[in-house]
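Engineer: When you get a sec, could you build the whole thing from the sequences and use the hints?
There are 2 protein chains.
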Amino acid sequence: MYIAMNRFRVAKGAEADFERVWAERDTHLGTVPGFIEFHLLRGPEAEDHTLYASHTLWRSHGDFEAWTKSEAFRKAHANAGNRSEGQKSLYLGPPQFEGFEAVQVVKRS
Amino acid sequence: MYIAMNRFRVAKGAEADFERVWAERDTHLGTVPGFIEFHLLRGPEAEDHTLYASHTLWRSHGDFEAWTKSEAFRKAHANAGNRSEGQKSLYLGPPQFEGFEAVQVVKRS
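Sequence lines, in order, name chains A and B.
Converting from the first sequence to this note's numbering requires adding 165 to each position, the first position being numbered 1.
Converting from the second sequence to this note's numbering requires adding 165 to each position, the first position being numbered 1.
One or more of the hints may lead you astray.
[Unchecked claim] Pairs of lysine to any residue, SDA-like flavour, derived with a Cα cap of 20 Å:
#, chain 1, residue 1, chain 2, residue 2
1, B, Lys-272, A, Glu-202
2, A, Lys-177, B, Ala-218
3, A, Lys-272, B, Val-268
4, A, Lys-240, B, Val-270
5, A, Lys-240, A, Glu-189
6, B, Lys-272, A, Pro-209
7, B, Lys-234, A, Pro-198
8, B, Lys-240, A, Val-270
9, B, Lys-272, A, Lys-177
10, B, Lys-272, A, Ala-188
11, B, Lys-272, A, Arg-224
12, B, Lys-272, A, Arg-185
13, A, Lys-240, B, Ser-274
14, A, Lys-177, B, Ala-267
15, B, Lys-234, A, Glu-180
16, A, Lys-272, B, His-193
17, A, Lys-272, B, Thr-192
18, A, Lys-272, B, Gly-195
19, A, Lys-272, B, Phe-229
20, B, Lys-272, A, Gly-195
21, B, Lys-272, A, Ala-169
22, B, Lys-272, A, Asp-191
23, B, Lys-272, A, Ala-241
24, A, Lys-177, B, Val-268
25, A, Lys-272, B, Met-166
26, A, Lys-272, B, Ala-218
27, A, Lys-272, B, Asp-191
28, A, Lys-272, B, Asp-228
29, B, Lys-272, A, Phe-229
30, B, Lys-272, A, Ala-231
31, B, Lys-272, A, Glu-184
32, A, Lys-272, B, Arg-185
33, B, Lys-272, A, Ile-201
34, A, Lys-272, A, Tyr-167
If you're looking for bench data, these hints aren't it; they were derived computationally from the structure.
Structural biologist: Here it is as structure tokens:
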């Protein structure tokens, strides 16, 4: 299993706007091969921002890689340019990508 | 849903030792109320370390909190002191805890 996370430092006071952008977006993930589940996560608050993370479970790193080269990926990010002007103030810096490979699992017994 | 993550900066060359510690530990999570699933994740490599994360899914933040006050938690961390001497060199600094609340979910369609 592979987890793709993007960490967003969202300016204090912009949390509701940030969440609305995600709620209103067209997602094309649901039928992508190897896609398991997506969560938008709200993390700890720092002095000047709130940490958010997009968190996507993939069957494998290969499935994630294939998606990044696909039409579905292009569509999912098609509006990023259009709305970047108005949204620049939502963020403190660019998102930080981190990919993780699962090396151990413990399930409910 | 709540995700509890601890980020570990593991010294270059110590990755196999770190993974072995986790593989050999006694886990008491499986029957804890509200526990859903645990993964140990291997993340990106930096110049001087490899990022790992423990990644635990909980039904709610309350379930996680209750666990941290439980006998199962005490047992799970009972050996941390005993083995800290030998393991200090595995890490660059202490682990960094981050808790996340899910604010949006997309499932396979």
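Engineer: Would you mind marking each hint as holding or not holding in the structure?
Structural biologist: Hint-by-hint comparison with the structure:
With a C-alpha separation of about 5 Å, the suggested pair B:Lys-272 and A:Glu-202 falls inside the 20 Å cut-off, and the hint holds. A C-alpha spacing of about 26 Å is found between A:Lys-177 and B:Ala-218, which places the hinted pair above 20 Å, so the restraint is violated. Of the pairs offered as hints, the one joining A:Lys-272 and B:Val-268 is violated, with about 23 Å between alpha carbons and a cut-off of 20 Å exceeded. Of the supplied pair hints, the one linking A:Lys-240 and B:Val-270 holds, its CA atoms being roughly 19 Å apart against a limit of 20 Å.
Distance hint between A:Lys-240 and A:Glu-189 is fulfilled; the C-alpha atoms sit about 14 Å from each other, no more than 20 Å. Between B:Lys-272 and A:Pro-209, the direct Cα distance comes to roughly 24 Å. Violation of the 20 Å bound is thereby established for this hinted pair. A C-alpha spacing of about 41 Å is found between B:Lys-234 and A:Pro-198, which places the hinted pair above 20 Å, so the restraint is violated. For the proposed pair B:Lys-240 and A:Val-270, the alpha carbon gap of about 19 Å is at most 20 Å, so the pair holds.
For the proposed pair B:Lys-272 and A:Lys-177, the alpha carbon gap of about 29 Å is over 20 Å, so the pair is violated. A C-alpha spacing of about 14 Å is found between B:Lys-272 and A:Ala-188, which places the hinted pair at or below 20 Å, so the restraint holds. For the given pair, B:Lys-272 sits about 13 Å from A:Arg-224 by alpha-carbon distance, which is consistent with the 20 Å threshold. The hinted pair formed by B:Lys-272 and A:Arg-185 meets the criterion: a straight-line CA distance of about 19 Å does not exceed 20 Å.
At most 20 Å may separate the alpha-carbon atoms for a hinted pair to count; A:Lys-240 and B:Ser-274 meet this at roughly 17 Å. With a C-alpha separation of about 19 Å, the suggested pair A:Lys-177 and B:Ala-267 falls inside the 20 Å cut-off, and the hint holds. Between B:Lys-234 and A:Glu-180 the alpha-carbon distance is near 31 Å, which puts this suggested pair outside the 20 Å criterion. The hinted pair formed by A:Lys-272 and B:His-193 meets the criterion: a straight-line CA distance of about 11 Å does not exceed 20 Å.
Using a Cα cut-off of 20 Å, the hinted pair A:Lys-272 and B:Thr-192 holds, with the two alpha carbons roughly 11 Å apart. With a CA separation close to 6 Å, the supplied pair A:Lys-272 and B:Gly-195 stays within the 20 Å bound. At most 20 Å may separate the alpha-carbon atoms for a hinted pair to count; A:Lys-272 and B:Phe-229 meet this at roughly 16 Å. A distance of roughly 6 Å separates the Cα atoms of B:Lys-272 and A:Gly-195; the hinted pair therefore holds under the 20 Å criterion.
Only pairs whose Cα atoms come within 20 Å are accepted, and B:Lys-272 paired with A:Ala-169 is accepted, the gap being roughly 15 Å. A C-alpha spacing of about 14 Å is found between B:Lys-272 and A:Asp-191, which places the hinted pair at or below 20 Å, so the restraint holds. For the proposed pair B:Lys-272 and A:Ala-241, the alpha carbon gap of about 16 Å is at most 20 Å, so the pair holds. Simply put, A:Lys-177 and B:Val-268 have alpha-carbon atoms about 17 Å apart, close enough for the 20 Å limit, and the pair holds.
Between the alpha carbons of A:Lys-272 and B:Met-166 the distance comes to roughly 16 Å, so the proposed pair stays at or under 20 Å and holds. Among the hinted pairs, A:Lys-272 with B:Ala-218 is consistent with the structure: their alpha-carbon atoms are about 17 Å apart, no more than 20 Å. A distance of roughly 14 Å separates the Cα atoms of A:Lys-272 and B:Asp-191; the hinted pair therefore holds under the 20 Å criterion. Annotation: proposed proximity of A:Lys-272 to B:Asp-228 holds, straight-line Cα distance about 16 Å (limit 20 Å).
With a C-alpha separation of about 16 Å, the suggested pair B:Lys-272 and A:Phe-229 falls inside the 20 Å cut-off, and the hint holds. A threshold of 20 Å between alpha carbons decides the hint, and for B:Lys-272 with A:Ala-231 the separation of about 19 Å falls inside it, so the pair holds. At most 20 Å may separate the alpha-carbon atoms for a hinted pair to count; B:Lys-272 and A:Glu-184 meet this at roughly 18 Å. A distance of roughly 19 Å separates the Cα atoms of A:Lys-272 and B:Arg-185; the hinted pair therefore holds under the 20 Å criterion.
For the proposed pair B:Lys-272 and A:Ile-201, the alpha carbon gap of about 7 Å is at most 20 Å, so the pair holds. Using a Cα cut-off of 20 Å, the hinted pair A:Lys-272 and A:Tyr-167 holds, with the two alpha carbons roughly 16 Å apart.
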